[in-house]
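Q: Could you build all of it, start to finish, from the sequences and the hints given here?
2 protein chains.
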Amino acid sequence: MEIYTIKEDILSRNNEQAKEVRAMLSDKGIFYVNLMSSPGAGKTTVLSKLIPRLSEDFRIGVIEADIDSDKDAMTIERETGAKVIQIHTSGACHMTCQMSYEALEALGTDGLDLIFLENIGNLVCPAEFDTGADMNLVLLSVPEGDDKPLKYPLMFEVANAVAVTKLDVAEIFDFSLENAVKNIKKRNDSAKIYFTSALSGDGIDELEQYIRNEAVKKIRKD
Amino acid sequence: MEIYTIKEDILSRNNEQAKEVRAMLSDKGIFYVNLMSSPGAGKTTVLSKLIPRLSEDFRIGVIEADIDSDKDAMTIERETGAKVIQIHTSGACHMTCQMSYEALEALGTDGLDLIFLENIGNLVCPAEFDTGADMNLVLLSVPEGDDKPLKYPLMFEVANAVAVTKLDVAEIFDFSLENAVKNIKKRNDSAKIYFTSALSGDGIDELEQYIRNEAVKKIRKD
Numbered sequence: 001m002e003i004y005t006i007k008e009d010i011l012s013r014n015n016e017q018a019k020e021v022r023a024m025l026s027d028k029g030i031f032y033v034n035l036m037s038s039p040g041a042g043k044t045t046v047l048s049k050l051i052p053r054l055s056e057d058f059r060i061g062v063i064e065a066d067i068d069s070d071k072d073a074m075t076i077e078r079e080t081g082a083k084v085i086q087i088h089t090s091g092a093c094h095m096t097c098q099m100s101y102e103a104l105e106a107l108g109t110d111g112l113d114l115i116f117l118e119n120i121g122n123l124v125c126p127a128e129f130d131t132g133a134d135m136n137l138v139l140l141s142v143p144e145g146d147d148k149p150l151k152y153p154l155m156f157e158v159a160n161a162v163a164v165t166k167l168d169v170a171e172i173f174d175f176s177l178e179n180a181v182k183n184i185k186k187r188n189d190s191a192k193i194y195f196t197s198a199l200s201g202d203g204i205d206e207l208e209q210y211i212r213n214e215a216v217k218k219i220r221k222d
Numbered sequence: 001m002e003i004y005t006i007k008e009d010i011l012s013r014n015n016e017q018a019k020e021v022r023a024m025l026s027d028k029g030i031f032y033v034n035l036m037s038s039p040g041a042g043k044t045t046v047l048s049k050l051i052p053r054l055s056e057d058f059r060i061g062v063i064e065a066d067i068d069s070d071k072d073a074m075t076i077e078r079e080t081g082a083k084v085i086q087i088h089t090s091g092a093c094h095m096t097c098q099m100s101y102e103a104l105e106a107l108g109t110d111g112l113d114l115i116f117l118e119n120i121g122n123l124v125c126p127a128e129f130d131t132g133a134d135m136n137l138v139l140l141s142v143p144e145g146d147d148k149p150l151k152y153p154l155m156f157e158v159a160n161a162v163a164v165t166k167l168d169v170a171e172i173f174d175f176s177l178e179n180a181v182k183n184i185k186k187r188n189d190s191a192k193i194y195f196t197s198a199l200s201g202d203g204i205d206e207l208e209q210y211i212r213n214e215a216v217k218k219i220r221k222d
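Chains A and B, in that order, give the protein sequences. Under the working numbering, the first sequence has 133 at position 133, and the numbering climbs by one with no breaks. Under the working numbering, the second sequence has 119 at position 119, and the numbering climbs by one with no breaks.
Honestly, the hints are just simulated from the structure, not real lab data. None of these values were measured; they are calculated from a predicted model. Some hints could be false.
Since the list can't tell identical chains apart, any single copy or any two copies may satisfy a pair.
The calculated lysine-lysine pairs, modelled on PhoX-like cross-linking and capped at a C-alpha distance of 25 Å, are [claimed, not checked]: (1) K83 with K217; (2) K71 with K182; (3) K71 with K218; (4) K71 with K185; (5) K71 with K186; (6) K218 with K186; (7) K192 with K217; (8) K217 with K182; (9) K185 with K83; (10) K28 with K71; (11) K218 with K83.
A: If you want it as structure tokens, here you go:
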């Protein structure tokens with residue numbers, strides 16, 4: 001009982017801080033995307049496909065959050081040349097807004113238009129913490145199965161968009177696109193859904209266009 | 001600062017209770033296996049392959065833990081006929097020992113020799129909580145990538161055994177068995193490692209034999 005009270009206090013403070021972070025980024029004309037998924041669903045790969053296309057119009061920064069290793073930051077730097085920082089979470093299973101804020105400070109937001117946060121690979125905890133991002137982009141990889149929205153409700157409830165990844169192996173894994181859509185919509189009827197394959201390139205243009213449009217809407221509006 | 005103190009208290013109480021649960025199961029001659037992995041790594045599928053083989057010698061119970069859905073319990077019941085219970089964790093990202101204890105009570109341990117707990121699909125949080133199990137069996141699926149032990153250290157540190165799953169797609173996903181072994185051993189030099197495919201049947205006999213031997217050792221010793 002006490003634990004849940006404490007947790008509510010933490011979440012309430014987190015939500016307040018998230019509003020402040022969004023306002024701060026809004027003042028600077030920056031669009032902030034929180035990328036979440038299970039481990040190995042393809043977050044870094046999708047970023048490495050999106051960033052070169054988006055770089056034509058946006059100055060991009062990337063925050064790579066992991067419990068350990070700097071592999072993903074190295075990959076993004078090597079493959080995209082974007083400004084990148086690796087955050088280690090000291091064992092933590094998610095990014096709180098305070099961690100997100102400190103990461104933004106460490107990255108340095110001056111001169112950037114679009115920042116991606118690659119959250120910890122975890123389909124549960126990161127969904128509970130508003131990072132101050134303007135968009136929650138959730139990946140669901142084909143090998144995980146089309147039933148994941150049934151088992152991990154909150155992640156799909158907080159998603160602005162869901163990108164199904166590794167579409168090229170859908171037949172091997174007996175993944176039903178129809179069931180995936182049905183299960184995502186059960187949790188969140190308004191989330192945009194994209195079917196992508198980094199290998200074949202399927203759906204990457206559409207996903208890029210969606211992010212571009214949302215970013216332009218915010219940056220222009222501000 | 002306060003948060004971490006609370007967490008330490010919780011973990012310390014959890015560890016005390018885990019000793020009690022292990023002692024209780026030991027008195028009853030029951031071997032208890034905690035199965036952990038990312039979402040969609042194949043926990044239910046591996047169980048549905050292991051249980052029919054192990055059923056020849058053990059009376060088996062299964063605890064299926066999910067945030068929502070009863071799909072896995074239905075699958076285990078249909079495919080193995082084992083005694084099974086579905087636990088919903090009210091959003092929680094892991095099983096504490098208290099939850100594990102309550103699940104064992106709800107399942108009913110009388111007359112059982114071997115109990116599997118299929119933990120929440122999460123490569124972070126479940127590793128922090130000793131469930132009272134005799135064995136932590138961790139799955140690492142090929143599509144997730146061979147680098148996961150680098151990014152999710154604790155899960156591989158607490159593993160007694162790691163079963164690489166979906167071995168049949170290793171070539172499609174450019175998964176290096178050598179790197180996987182190296183990365184697992186970096187975290188835990190004593191963990192047993194099995195390479196399995198539920199599709200081809202590779203490695204299932206070896207994994208079954210390992211669980212059988214460990215269970216017999218405990219049950220006989222008691």
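Q: With 25 Å as the alpha-carbon cut-off, assign the pair K71 and K218 to within, between, both or neither.
A: neither (31 Å within a copy, 40 Å between copies)
Q: For K192 vs K217, is the C-alpha pair at or below 25 Å within one copy, between two copies, both, or neither?
A: within (16 Å within a copy, 53 Å between copies)
Q: Quick one: K28 to K71, C-alpha cut-off 25 Å, is that within a copy, between copies, both, or neither?
A: So K28 and K71 fail the 25 Å test inside a copy (30 Å) and across (46 Å) alike.
Q: At 25 Å max between alpha carbons, let me know whether K217 reaches K182 within a copy, between copies, both or neither.
A: neither (29 Å within a copy, 47 Å between copies)
Q: Given a CA cutoff of 25 Å, do K83 and K217 count as a within-copy pair, a between-copy pair, both, or neither?
A: within (23 Å within a copy, 54 Å between copies)
Q: Go through the copies and call it for K185 and K83: within, between, both or neither, with a Cα cutoff of 25 Å.
A: neither (35 Å within a copy, 33 Å between copies)
Q: Classify it for me, K71 with K182: is the Cα-Cα distance of at most 25 Å met within a copy, between copies, both or neither?
A: between (35 Å within a copy, 15 Å between copies)
Q: For K218 vs K83, is the C-alpha pair at or below 25 Å within one copy, between two copies, both, or neither?
A: within (21 Å within a copy, 54 Å between copies)
Q: Check K71 against K186 for me: Cα-Cα at most 25 Å, and say if that holds within a copy, between copies, both or neither.
A: between (35 Å within a copy, 15 Å between copies)
Q: Checking K71 and K185: alpha-carbon separation at most 25 Å within a copy, between copies, both or neither?
A: Between copies, since 18 Å is at most 25 Å while 34 Å is not.
Q: Cα distance capped at 25 Å. Does K218 pair with K186 within a copy, between copies, both, or neither?
A: The answer is neither: 28 Å in one copy and 45 Å across copies each exceed 25 Å.
Against the hints set out earlier in the document, violations occur for numbers 3, 6, 8, 9 and 10.
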